[in-house]
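Protein chains in written order, with the working numbering: chain A, 6 to 479; chain B, 49 to 325; chain C, 62 to 288.
Hint data in this document are derived by calculation from the structure and do not stem from the laboratory. Beta carbons are placed, not taken as given, at the ideal position from N, Cα and C, and that holds for glycine. Please note: incorrect hints may appear among the correct ones.
What the hints assert, rightly or not - Covered stretches of chain A, going by a simulated chain C footprint (3 or more residues, C-beta under 8 angstroms):
{"hint": "1", "segment": "63–76"}
{"hint": "2", "segment": "263–275"}
{"hint": "3", "segment": "377–387"}
What the hints assert, rightly or not - Here are the simulated DSS-like pairs of lysine-lysine, each with C-alpha atoms no more than 27 angstroms apart in a straight line:
{"hint": "4", "chain 1": "B", "residue 1": "254", "chain 2": "A", "residue 2": "469"}
{"hint": "5", "chain 1": "B", "residue 1": "74", "chain 2": "A", "residue 2": "397"}
{"hint": "6", "chain 1": "B", "residue 1": "254", "chain 2": "A", "residue 2": "409"}
{"hint": "7", "chain 1": "A", "residue 1": "41", "chain 2": "A", "residue 2": "79"}
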Amino acid sequence: MQANKPENFYQNVKDALAQPDLKMIIRRTTDKAEAKRAEAIANFPGFENARKQGQKVKDHTIKYMDHYLAEFEKNALAQGTIIHWASTAEEASKIVLDICRQHEAKKVTRSKSMLGEEIGLSHALDNSGIERVETDLAEHIIQLAGDPPSHIVWPAMHRSREDVIKLFREYHKDPTYSEEIIDLVRSARRDLRTKFLTADIGISGSNFLLADSGSSCTVTNEGNAELTITPPKVHIVTAGIEKLVPSMAHAIPLLRLLTRSATGSEITQYITFHNGAKRPNDADGPEECHMVLVDNGRTKMLADGMEEMLRCIRCGACMNHCVVYKHIGGHAYGSVYPGPMGSVLTPHLNSLEVANKQTHACTLNGRCEEVCPVNIPLPKLLRSLRAQSWDKKYEPLTNRFVVKAFAALAKRPMLFQWVSSCGVIFMKLCSRKGWIRSMPLAGGWTRNRDLIEPESKTFMQQYKAMKKAKSDGA
Amino acid sequence: MSQEIINADVKGAQSNAIKCLNISEKKVGLFVTCLVNTMRPTVGFAAIKLLEDAGCTVDVPESQSCCGQPAFNSGDDEGTRQIAYQTIKQFEAFDYVVVPSGSCAAMIKKNFVEVLKDQPEWLARAEHLASITHELLSFLVDVCDFEPSGVELEGSYTYHDSCSGYRSLHVYEQPRKMLANVKGLDHRPLHGHSECCGFGGTFCVKYSDISNEIVAEKAENVLATEADYLLGGDMGCLMNMAGKLNREGHKEIEALHTAEVLAGLAPQILGGKNASK
Amino acid sequence: MNKQRNEISRERIFDAIRAAAPTVTADVKAIQAEAADILRESEFARPDLLADDAADALVQRIEAGLVIGTSCEHIATMDALPNAVDQFLAKYALPKALQVQRIERLQKLNWGSLSTEVDIKNDNTVGLCWAEYGIAETGTFVVHSGPDMPILLNYLPLYLIAVVPRSKILPYMDDYALIANEIAQRGETPRNMCLISGVSGTTDIEGVLIQGAHGPEVLHMIIVEDQ
Numbered sequence: 006m007q008a009n010k011p012e013n014f015y016q017n018v019k020d021a022l023a024q025p026d027l028k029m030i031i032r033r034t035t036d037k038a039e040a041k042r043a044e045a046i047a048n049f050p051g052f053e054n055a056r057k058q059g060q061k062v063k064d065h066t067i068k069y070m071d072h073y074l075a076e077f078e079k080n081a082l083a084q085g086t087i088i089h090w091a092s093t094a095e096e097a098s099k100i101v102l103d104i105c106r107q108h109e110a111k112k113v114t115r116s117k118s119m120l121g122e123e124i125g126l127s128h129a130l131d132n133s134g135i136e137r138v139e140t141d142l143a144e145h146i147i148q149l150a151g152d153p154p155s156h157i158v159w160p161a162m163h164r165s166r167e168d169v170i171k172l173f174r175e176y177h178k179d180p181t182y183s184e185e186i187i188d189l190v191r192s193a194r195r196d197l198r199t200k201f202l203t204a205d206i207g208i209s210g211s212n213f214l215l216a217d218s219g220s221s222c223t224v225t226n227e228g229n230a231e232l233t234i235t236p237p238k239v240h241i242v243t244a245g246i247e248k249l250v251p252s253m254a255h256a257i258p259l260l261r262l263l264t265r266s267a268t269g270s271e272i273t274q275y276i277t278f279h280n281g282a283k284r285p286n287d288a289d290g291p292e293e294c295h296m297v298l299v300d301n302g303r304t305k306m307l308a309d310g311m312e313e314m315l316r317c318i319r320c321g322a323c324m325n326h327c328v329v330y331k332h333i334g335g336h337a338y339g340s341v342y343p344g345p346m347g348s349v350l351t352p353h354l355n356s357l358e359v360a361n362k363q364t365h366a367c368t369l370n371g372r373c374e375e376v377c378p379v380n381i382p383l384p385k386l387l388r389s390l391r392a393q394s395w396d397k398k399y400e401p402l403t404n405r406f407v408v409k410a411f412a413a414l415a416k417r418p419m420l421f422q423w424v425s426s427c428g429v430i431f432m433k434l435c436s437r438k439g440w441i442r443s444m445p446l447a448g449g450w451t452r453n454r455d456l457i458e459p460e461s462k463t464f465m466q467q468y469k470a471m472k473k474a475k476s477d478g479a
Numbered sequence: 049m050s051q052e053i054i055n056a057d058v059k060g061a062q063s064n065a066i067k068c069l070n071i072s073e074k075k076v077g078l079f080v081t082c083l084v085n086t087m088r089p090t091v092g093f094a095a096i097k098l099l100e101d102a103g104c105t106v107d108v109p110e111s112q113s114c115c116g117q118p119a120f121n122s123g124d125d126e127g128t129r130q131i132a133y134q135t136i137k138q139f140e141a142f143d144y145v146v147v148p149s150g151s152c153a154a155m156i157k158k159n160f161v162e163v164l165k166d167q168p169e170w171l172a173r174a175e176h177l178a179s180i181t182h183e184l185l186s187f188l189v190d191v192c193d194f195e196p197s198g199v200e201l202e203g204s205y206t207y208h209d210s211c212s213g214y215r216s217l218h219v220y221e222q223p224r225k226m227l228a229n230v231k232g233l234d235h236r237p238l239h240g241h242s243e244c245c246g247f248g249g250t251f252c253v254k255y256s257d258i259s260n261e262i263v264a265e266k267a268e269n270v271l272a273t274e275a276d277y278l279l280g281g282d283m284g285c286l287m288n289m290a291g292k293l294n295r296e297g298h299k300e301i302e303a304l305h306t307a308e309v310l311a312g313l314a315p316q317i318l319g320g321k322n323a324s325k
Numbered sequence: 062m063n064k065q066r067n068e069i070s071r072e073r074i075f076d077a078i079r080a081a082a083p084t085v086t087a088d089v090k091a092i093q094a095e096a097a098d099i100l101r102e103s104e105f106a107r108p109d110l111l112a113d114d115a116a117d118a119l120v121q122r123i124e125a126g127l128v129i130g131t132s133c134e135h136i137a138t139m140d141a142l143p144n145a146v147d148q149f150l151a152k153y154a155l156p157k158a159l160q161v162q163r164i165e166r167l168q169k170l171n172w173g174s175l176s177t178e179v180d181i182k183n184d185n186t187v188g189l190c191w192a193e194y195g196i197a198e199t200g201t202f203v204v205h206s207g208p209d210m211p212i213l214l215n216y217l218p219l220y221l222i223a224v225v226p227r228s229k230i231l232p233y234m235d236d237y238a239l240i241a242n243e244i245a246q247r248g249e250t251p252r253n254m255c256l257i258s259g260v261s262g263t264t265d266i267e268g269v270l271i272q273g274a275h276g277p278e279v280l281h282m283i284i285v286e287d288q
């Protein structure tokens, strides 16, 4: 499956809506996620306080980002970590490849990193001839299928058990011929076990970067992060600079929010703090530890007044609850990050010109903001992007014309009222038995639904007439 | 998903409107909204009746138009500002401004300040207007302490909570509280009652196909209640859902604005419809 | 590494941050005070424990089935450990062989007929380790990497037994963070600090939970009263 491009959003949506099973496949994941999150929150009376605290941790770190970033670098270097800075996605990807070439790596294992996807690391590794082994089960599935991810927490949610059965039988050295999910998982376990232990380099993402120790924190249920990082000689972390928090104590409130909001669990099974390279006499562990700290539009978000988006802890709750995402799925967005958070991020990581349509594919209903564990005002940010888009005239001309014409009328109330009363007459002409089935200029509406027939006069016409009758009668 | 769990998010997010003990001495202005004005004047008259029954003296400025949502949601901040200046001038002298729509009320309460944040004088006036503006159903209960009486309607209703009203303005208890006083009318909870219906203003025409999928699912949930009436507080949502239900051939459920039912206007509206069928 | 390119990017990033309106440069003490203030809210922003005593709370959490794939038991002293392990192996019909972490307190025990110090070659070999801490809030045991703790011991076997000293069971994750800070003050931070709260699991195929994805399928925590 080829990755969709964000600029082809209209076509992507058409294609998505044409897929007969898509909604069922999406709901299989999002319904469960919604229910589990709701249950986790019902069992946690302090959740609202935790949200406020989490928001404060993030806002505080963002406010003093230059201080904390400098602290992080200093402490990471003191732990023997090699720090790399990348302004762009291309630069970040190149840095990782350079490290791989320097060590003549033939095989690298990877644990899940959306940032890794963002910087195009998969393609870069594949193009360089280095064997790339995805170890997160969902990433493993989509690697075999050649798919882009469709969700930030469950990247393979679009693949059914039948798909996985076929893929594993084709690609695993010692596949299972059972159709039970447990046997499929065991098949992946067998296939990946030797690869873990014989990789030259392990590449991970990071859920949190701790400034006071220069450490990285990974959060998984599978334990594949530790299996990726520990055996090889070299460990590379790719992380966005917004992952920064002041300390472990500050990461903990965010952990409480992350696991509940993402999967409805109180905790994930494996939370590991990675504090640099092997200590002398360590029984195992990588000799060398590299961290690639990536900007790729994050400082732009700071500059554009979108710093609230940097609070995002990548839980995926917004897309699980988004009425649009739940109908079109992740691939339609054409970006590593789909749904509400993706619609705000992609214009910054990519460009607004390429990704502005997605900001309009939203009813501004606010459910995303309501479930965001760190209270990101997603509708406000999306609308701000629409305002930027309007200024840059990315909107199709017809849309601009209609909106401007309506606003011009609204500014002239008496004219507005007159046009409204004419509109009513026009609509009455198009009506049959209380409904309008089709009407010129209203194709967008009447294609799929009827329009109610209005009364013969507008409210204002009736009201004025009533008032006149009263004063005449008085 | 159970009703209690859905409500868990809104619990605690109560409206902070203050009760008014001498409402008859206050000047109440009605912001009609363009959809009520053009498509459903009965809602406007129902609003006036309810407000008067609650003891208000209602004035309807004749030179009013739109709250500016289409411009605002499209990103036309300057166009929105022009509309905001005018709306502020028209309505700021009232003691209360009441709007029979959650989305228009939220626009005035929350978004004028957003587009005027760099203009201190206008910002102050926008903040003042925001503080006196209320969505109709919440105003009747929270400010006027109003309970409709002598209203009868046989049958059952299901309720769609429109997004702006529900999330921005915490309108949830108030319509249900008032509807409980309508004799003969009982409530059938709507699964996904606070889930967006897919209207979203310009969204429903810009992304008509996605909107259609969303409203089709909403319509299924509505029909599953087997209620006689679909009620809500926002014309846009009601038109969207009613339009879909009718297109799918479902005449067994009628969509009405809550104000129409509370003002006792349902029988005449339904009678009129039956005549035109 | 291309040092020049690296420096340029670093400059660019820091310059961009400093130029952006919302970020503020303040003195370090003020920043630290603000950061500390935020942590004072933790008391009201975390879940209740299942019991007042941290060890009881941890056990109750496990016994309530809230820690995936995990069972637990108590032993009074370390001498009782080999027998407890033997019974675990019998319960799961496993060979009488296990990899015991190379620390004195475990190695010096009388393992009887059990074969120890075997590498994890096969999935039916059991791993046994000594936990530094336990955390009641999340049903966690904590291991630190070091000369006598190969991290992979906790991830390779299909069956894992963790011995947790009762006196080192902490109430909340925040309590562990305080200890991690103390360790850092002494300059003794290990390469890895692993908080393990159950077995390796995945829901990536049709949302069905499967235990033993890449790591252990079964975790048994043995809480020892007196070490």
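Problem set entry | Hint numbers contradicted by this structure | Violated hints: 3, 4, 5 and 7; rest satisfied.
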